Structures are given as structure tokens and as C-alpha cells.
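Position chain B relative to chain A; hints supplied.
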Amino acid sequence: MKLQHLVLHNIGPFHGRYNIDFTSESSGSGYAFFAENNRGKTSIYNAMRWCLFGKVEERAKTVEGRRYKGATKAIVGEGKILMNDVAYESDDVQEMSVILFAQGSRGTIQVTRAAKSMTKFARSDDEIEVSLNVKIGDAPLLEGRKAQEAIESFFPTDLARFFFIDGESLEEYTEMMQASSQSGLKDEVNAVLGIPALVRGDEDLTRLRRTLKSKIDSTTKAAKQSTKARDDALAQKRILKEKMVVSDEIKKKLEAVLEKLEQTKKEMETHAELAPIVEEIRSLDTQIELKKANLLESAKDKASEAKIAWKVMLWDRCETVHDDFVSSQELASTAEATRKSTIKSIEDLERDLADMSGLCDACGQPLPDLEKYKNKKKQELDQRTAVLEKLNDQVHVSQDELAIKVGDLKKLRPLDDSRTRIIAADEKWKRMKNDLESLNEQHRHLNSKLTEGKKEDIVELGERKGRQEAMIQRRQNEWKIARGEVELAELELNRLQKLTTGGEVNSEDHKLDNLIGKLIVTVKDTLLSYRESARKKVELLASETFRKMNNAPEVYTDIRVDKDFKTTILNSKGRPSRDPSSGAVSIMTMSVIDALRQVSGLDAPVFFDTPGRSLDEQHKEKLLEYFWAPDGQQFLIFAHSGEFTVDETLENFSGKIARAYTISLPGDHKTCYKEGCGSDDVLHDAYGKKNTCNSCGFVWDLTSQKTLLLPVKIKEVV
Amino acid sequence: MDNFDLLKEEFLIHGKKNGLAPELLEEVLQFLQTNRNYAAGNREHIRRDLLKLLKDSLGSKS
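Chains A and B, in that order, give the protein sequences.
First residue of the first sequence? That's 1 in the numbering used here, and the numbers climb one at a time after it.
First residue of the second sequence? That's 1 in the numbering used here, and the numbers climb one at a time after it.
If we strip away everything but chain B, and leave its shape as in the complex, we get:
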């Protein structure tokens, strides 16, 4: 089990407590992990993509 698995495990536990779907949690964490190294000042496009991801997840739910 590498670090990412540990983080994922924790993230899923807390996310489920908040009533979030595991698929969405995995997707969000993967996204954050992939984009973790972009500096705070250069994350506008990251936020745009994250918002799209979340909107899409709501769309697929409905």
C-alpha cells in the first residue's frame, strides 16, 4: 500500500461519512492528486476543470 492508497482510504472514509459516493470521491482525489503540484497562483484552470468534474457528477446523478 503506497501513500496514495493511504490517503485514498482516509478520504473515502470521511467522504462516505458526509454522504458522498465513493466513485466521486475517488475521481476528485485522483484529480487533486494529479494536479497537486501546480502552484497556488496558477490553479485557475485546475479549478475550472474541477468545477466541470463536479457539475458532470451532478449531471450523471440526475
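Pulled out of the complex, with its shape left as it was, chain A reads as follows:
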């Protein structure tokens, strides 16, 4: 992939739009940006990173071999931001963008990332909307996540460290490479070695196989279920067949009985005129049987009632005697009562006479007519005494004797309704007997109308019809049950037949599973051996590069890369150098980074910020000598004037350098910087703070903060 253009808009010190052209007819792969500090070298470097990855991180720090990521730079806000300060603080619309044009194997690539405030003045990135779109060749424009995925396909984030090299972080790289812990570089090394192709391939194949296995397993399970269902269905078919046979047999039997019944009915029709008589006789038979039973019951009732008939009859005879005794009892009782009252009245009279003093109880005066009164009482006493004597003379049977006699007779007395019940029972029995005789008479009468033979035939036909009808009822019930069982068996068969579908084992799936399994084994085996092969390759390439770039190839001959990609400089005797120079160590680091970049096989430009830091002149020269090889990968350096001067670099690397730019402010220029002039005949106005070119008349404001990105004229090499 070759970078063609980079368009910066309101990013870093670049206010407005700046187009950086990377196209060149030269075969050189060198590209350089020269500037003093704080003019915008790193901003271009960061603009590229932001355009590709959507974020720019501050320099990472490494403490005891452990790498700590730098914070992500904000687009807007306080402190150092990505957006140009003037655009952020003064422009009507706060926006910035970077557009990258490149030529790749799939055609022209255009990546556009833009940031724009969603509010009148965005105070933080939360108020900034970032958009991304990517156009590759003739393919449709990709946006958002798809666009980022496309970038990843030609410029993966995890390899960024090997393409965006920060000279100021070279020590950090060195520390990571020399430290016992490789946690900082491990992922990148793996990525560079192309191991992700295998690792992700392994993951892809494993997931494919898992899905396939799941499908095969479920198919196998379904096949097992289907087979079982088929077996069950076959068994169910047999059951259904048996049930149908049973049902058919019952049906046939039913039909046979129905047929016989029809026949019986036809036979009965031949005796149709006698049938009512027969029916009536049969009815009479039933009635007679019933009557007989009733008569028997009635006879029993009658006999039961008759058990006390003797009492009734005896009472008829002794009732009068009983009543006489009762009357005598009453008379005796009355006489006794009279006698007792008479005795009492006699006693009262006698006491009165005895007690009579002749004086008034109240006043004590002698009573008048006492004698008269006494005589009257004596007469009355005499009368009573005569009555008592008369009563005493009367002869009576004793009351106790009478009570015994009455009691004995009462035992013979029946209940009041006994007679009525005996009569009613008798009358009922007689009535029933008459009814029975009447029925028997009717029976005899009807019987006389039939010959014995016909009667037997009709009776036999009736009985047969009854039996057949009962049999039909039974058969119909049996057939109903049998049909129900057939229907149930059919339903079960249908259910099982539905389960028999599906579950066909696909042999293609098994073949595919086998193939994927072999590929997974291949990938895993390759991963095991390839890392070692790659290590050797990295070691070889890094050593080759190291020998080309280090200024003492006779002392420091090789680089050893161990299994953890820990690196060591070896001396001419093949032993680790005890105290290599800092320049040699930096070159070792660069060599290993380059070796890793080479083995990554990724076709992308390399961006090297502050490349000369910590290198001496000779190493710096050798570095560019190596990286700016003709027809090599684009190699961009962002150099401070202290690292590389423009003139010397152009002089020393003419033919290897394709494009170069200076980044400056107007105040930096003492010679005319107008394109095509370059005159050093300049009038400096310290008071007015401006310079005027005496050759072309161009005037520039020395206080202007407008960043100048000026192309450097490259000498053509003949």
C-alpha cells in the first residue's frame, strides 16, 4: 500500500486545509518532515493514527518491564487537544477532519474521518460527533463499523506499533525486548508473526466444527429417535391390524345376529294374527304370577289376623259378664262411700249432742229452745243410724274379688279394631282369589283359541327374538369398544409416523467434520513449530539489519532472539555483549522492529517520529541509508532539525528521498519562503515585526501563528 495524499483540516497546528502530496516519480522510499519543536511533526503523525484508528494515545510508560498505556488524547476540551486551537475557540463551526488517500492491491483507498461539534461549543468529546467512511476501489462506500473493519483488513490496530514508530519511545521498545517479561510485546509479536492468521483460523475452524458437531449430534439423535419411532410404528401397525381384525369379527357377528333377527321377525310375521293372543297370554301369565304372589301374601296376612279370632269370639260371649262385674264394682264402691259418709255424719251428730252445754258460745247466755233443738238432732241421729244399719245389712261381693274377676276377663278382650282387621284381611284375600280366578278364566279362554303347537312356536319365536335383540345389543357395545380401540391405535400410529421423518444422517457433514478436524490439527501443529521457525527468521533478519545499521559491525555482529523474543546483542565471538553502546542498543531495537515488520508481511508505509533521538550521527545516517532503500516500503520520518538538517539530509540521500516538507511558522523564516523565490535578500522590520523579500516583494508577518507546510525541492539524481 502506498500513501498518495493526506488532507489535514483543523487538526493540531493546522488551521484550515492542508494537502500533503506523497506521490513521486522517484524510486526513493524516503519521506521526511523537518521542523523545529512544537511546529506540528507529531501532529501529522498523530493525524494519520487518528484517521486510521480513531484515537491517539499519549506515549506509554514502561515500569520494570511492564507497559502502561498512555491516556487517549481528547479531540476538544482543556489542555492539549487534537483539534486546532483556533478552530476550536474561534471558528463558527468546531470541526476537524483527516482524509487519507492510498493505492493498494484492491485499488485506491480513501479513508475520511471527521469530527464535528454537536453543540454550539463542545466542551468535551461527548459533544463531538465522529464519522468515518472508507472507499476501496469500486466497492461501495463503507461507513462506521464496516469502515473500521475495512481499515483493520489493511492496517490492523494490533500491528500499529511496528508501523508507527515513536523514536521517543525507543527506549520503551528496548526495555520490553530486553526484559524477562514479554507481556508488553507478546501480543504484537504474535500479530507480527502472522500467528493471528493461524490463531483466528483455529478459532474459526473450531467454531465451525462445533456448529457442525452440534448439527451432526442433533441429526444423529433425531435419527435414533426416528429409528425408534419407525420400530414403534411397525409394532403399532401390528397392533392396529389386530384391533381391526377383532373389530371386523365383532362386526361380522353383529351382522349375523342382525340377519337372524330379521329372519325371526319374518317368521313371526307368519303368525301375525295370533301374535296378539300370544302376547296377551304372555301378559296374563305375568299377571297371574303376580296375582298368585299377592294372593299368597294376602293369605299370610289373613292367617296372621286370624290368630286372634278366638279372642273376638270369646269376648262376644264374656263381654256381658265383664260389664256386670264392672257395674257391681261401681255399686260396691258407691255403697262403701255412702256408708263411710253416714258414719262420719253420725259421729259428728253424736259429738254435737255431747258437747252441747246450753250456753251461747259468743255471749254465754242460755240458749232458747234447747230441748227442741236436741230432739231434732237426736231424730236426725236415729235416721242416720237406721240408714247405716240398712247399708251394713246389704250383702256385697268384696271389691278385691271383683277386681280379680274383671282383670281376668280383660285379658280376653281383643283390640278394638281386631274384628275389623280380621274381616278386612279376609275380604282382601277373597277379592284376590276372585281376581286370580278371573285371570285364570281369561287365560283358559285365550288358550282355547290356540293349538298347542302354534303356541309353542310363537313362544319360541318370541324368546328367540328377545335373545337375538339382547345379543345385538351386546355385539353393538363390543363393536363400539373395538372401533374406539382401532381409532386410538390409528392416532398413535399417526403420531409415531410423524416422528419417523427427519434425522437422515448426512454423510457430507461427516466428511466435512473429518476435514475440519484434520485442518484444526494442522493449524495447531503449525502453531507449535512455526513460532520457532519464525523466531529463527526474525533473528536472522534482525541480525542482517543490525549489521547494516550499526557502526561497529566487527564488534556487534548478531542479535539473539530467544523463544520469548527477548533480544540480546552478540559479539563477534557469538557471546552476549556485556555493555553495548546506547546507539547499538537503539539500532538493535530498530532492527528487531524491522525484522518483525518484515515477517508480518503487511504491505504498509512506516511512520517514524523523531527517528534520530538517542542515535549518533553515524547511526542516523545508516538508519536512513537502510530504510530509504530504493523501491522499498514508504518510510516517513518526522525529524527535528537537531536530528536531521534539511540540507544535509537532501544532500546525503538524494535519490532515496521521494518527498520532503518543512513545517514552520512565518517567524521562523529569514529567507523568502514564497514558492519559487527562496531569496535571502530580505528586509527585516523588527519594529513592524515583518520581513519583506527584496527580490519578489513578498511580505510575511513574523507574529503569525499560521503553520506553513512547505515542500522541499528534491534534487533529481541523474
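Keep in mind the hints are simulated off the structure, nothing from the lab.
It should be emphasised that the depicted structure is a prediction, and the values quoted were computed from it without experimental measurement.
Hints may contain errors.
To be verified - 27 Å max Cα-Cα, derived DSS-like pairs, lysine-lysine: (1) B:Lys17 with A:Lys563; (2) A:Lys674 with A:Lys715; (3) A:Lys511 with A:Lys228; (4) B:Lys52 with A:Lys524; (5) A:Lys224 with B:Lys55; (6) B:Lys52 with A:Lys221.
Chain B only, in chain A's frame:
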């Protein structure tokens, strides 16, 4: 010989040991290499294409 050749060499050696055809191995590796930079979470379409590739290879074999 660049890195890819080295990887291919190793891959072919191990694949052949597992009884896989060199043409298929080359095709699969090329595919994995081409799609190596797609993130793990966005490889559904890659897997779909890989499956198609493998199915096609079985079809051509039969």
C-alpha cells in the same frame, strides 16, 4: 523467502502429515492469511466463506 512462505511451508508439512491435499492447504492458508486481520468478534462472514471453501473442496474431490 518472506514470512508467508515460511508459514506456508510449515503449514503444508503438517497438513500433508494429516493426509490433506496441498492445493486445499494452500487455499485454506491463503484464505486465513487474507482474513487474518478481521477482529475475532467480526468473523461470522469469514467463517461462512471458509465453510463454503471447505464444502466446495469436498465437492470437487467427489
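Task: In rising order, the numbers of the hints this structure does not comply with - done: none
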